[in-house]
Amino acid sequence: MRPWIVWATGLLAYIVAVLDRTTLGVSGLEAGDRFTAGPGVLSSFVVLQIVVYAGAQVPAGLLLDRFGSKVLIVSGATLMAAGQLTLAFTEALPAAIAARAVVGLGDAVTFISVLRLVPHWFRPDQVPLVTQLTGICGQLGQVLSALPFLALLAGEGWTTAYLSVVALGVVSIALTLGLVKNTPNGRAAGPPSTSVREILVSVKTVWLRPGTRLGFFTHMGTQFSVTVFALMWGLPYLTVGQGLSVHVAGMLLTLSVAAAILSGIVIGIFTGRRPHRRSRLVLAIIASNAAVWTVVLALPSAAPLWLLTLLVIVISVGGPGSMVGFDFARTFNPSATLGTAQGMVNMGGFLASLLVMQAMGLVIGVVGGYSFDSFRLAWTVQYAIWAIATVGILITRKKARKQLREERKLLEGFEPHPTAPAATG
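Under our numbering, think of the first position of the sequence shown as 17, with each following residue one higher.
It cannot be assumed that every hint is accurate.
[Said to hold, decoys possible] Below, simulated DSS-like cross-link-like pairs (lysine-lysine); rule was C-alpha separation at most 27 Å, straight line:
#1 Lys414 <-> Lys220
#2 Lys220 <-> Lys418
#3 Lys415 <-> Lys220
#4 Lys86 <-> Lys197
[Said to hold, decoys possible] Per label pair, the in silico range of CB-to-CB distance:
#5 Glu214 <-> His263: 51 to 59 Å
#6 Ala24 <-> Val282: 43 to 51 Å
#7 Glu107 <-> Val382: 26 to 34 Å
#8 Leu109 <-> Gln142: 42 to 50 Å
#9 Ala190 <-> Val383: 24 to 32 Å
#10 Gly385 <-> Glu214: 50 to 58 Å
#11 Val264 <-> Ser387: 14 to 22 Å
#12 His263 <-> Leu109: 27 to 35 Å
#13 Ala111 <-> Pro75: 19 to 27 Å
#14 Ala183 <-> Ala300: 35 to 43 Å
These are computed hints drawn from the structure, not numbers from a lab. Glycine included, every Cβ here is placed at the ideal spot set by N, Cα and C.
Based on the provided sequences and hints, a complete structural model is requested.
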């Protein structure tokens, strides 16, 4: 029972982090009025947050390997609460931008810190499924932003809505301090003190492992579309570009979370039982994302509701699909550098997200503001990322397979074990 209590407490911290991450996405139009910001400037709010998030991943991984999960979860929650508190009261654009950067910094350390708890508290055969559950259940934070937060925003106003998020963050900090331990036996020992040069060599070594880069491109190709949709452009696209009401758009964002949860359970079971098919599954998810967007964007006018529903469901599978990238990192990296490897993998999707998010804001601004045609053109920037990620997966998968074969020859006297699954498929 204790492992599940520790995990659930960490999961709550991640749910709050996702809530903090997505509040500006659902309040984007109100933020534009409050801070007198156009589409380009408004997208820069979130882009800066993602830049900070992505840029902090490797340092966060190094700190995680050094200090463990509990310290980083508490630190991240404190930073995010401080950023949201500032947003609750400020009307100055520079202060708001700085606050979002602080939120991004706190968010950067939370997810990989919660993931790091899983292999310490659960059996190896449970790890893939619990890892998936961490990612998909954490998206309940998106439900909180799409429903109660949005309702508070509309009914009670900006300050009350953001203060409610701060309060939930404080609760998370208290529970983490009281219930979370890094390992069943206490704090996991960190690596000995090292010089800057040794740290850089370690980072380079982790990155050069083909499995780490395979995880990076996996995360890049699967995660960004639904992240951009949920974090920034989904609600404006559905309401202004497709003519849906705010209520219906909010329900579609909630459906996104339900689709992610259900598909994540399936993906977790599948990858646990068929590890040699993981990369094929990832490529299928990328292809399905590209295909459904192609159908929607090919229409000369607003899409029917059933097609938009299908779009939301399909791209939502990309969220749990990106979790396979962390499984690759776990497979090909020792425990001592797992935090660093997970940080590198986590950069993939968020680097792609920030590039697409910013590019879309620029396209919408150049075309003339929010409209069906501007959104239709802006969403096409996704295809470049899908192409890069697919090529990266194919190349690094081949190298990872080669490395695995060489290791097996060394360990088993050039005779592969008949029951050992291929780790990259």
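Taking the hints in turn, this is what the structure says about them:
1. Lys414 <-> Lys220: holds (20 Å)
2. Lys220 <-> Lys418: holds (20 Å)
3. Lys415 <-> Lys220: holds (17 Å)
4. Lys86 <-> Lys197: holds (6 Å)
5. Glu214 <-> His263: 51 to 59 Å: holds (55 Å)
6. Ala24 <-> Val282: 43 to 51 Å: The hinted range 43 to 51 Å is violated for Ala24 and Val282, with Cβ atoms some 22 Å apart.
7. Glu107 <-> Val382: 26 to 34 Å: Because 28 Å falls inside the window, the suggested range holds.
8. Leu109 <-> Gln142: 42 to 50 Å: The hint (42 to 50 Å, Cβ to Cβ) holds, given that Leu109 and Gln142 are roughly 47 Å apart.
9. Ala190 <-> Val383: 24 to 32 Å: Violated - the Cβ-Cβ distance for Ala190 and Val383, about 47 Å, lies outside 24 to 32 Å.
10. Gly385 <-> Glu214: 50 to 58 Å: holds (51 Å)
11. Val264 <-> Ser387: 14 to 22 Å: Holds, since Val264 and Ser387 (Cβ atoms, about 19 Å apart) stay within the stated range.
12. His263 <-> Leu109: 27 to 35 Å: Given range 27 to 35 Å: holds, Cβ gap about 30 Å.
13. Ala111 <-> Pro75: 19 to 27 Å: Once the Cβ atoms are compared, 25 Å apart, the range 19 to 27 Å for Pro75 and Ala111 holds.
14. Ala183 <-> Ala300: 35 to 43 Å: holds (42 Å)
The structure is inconsistent with the numbered hints 6, 9, although it conforms to all the rest.
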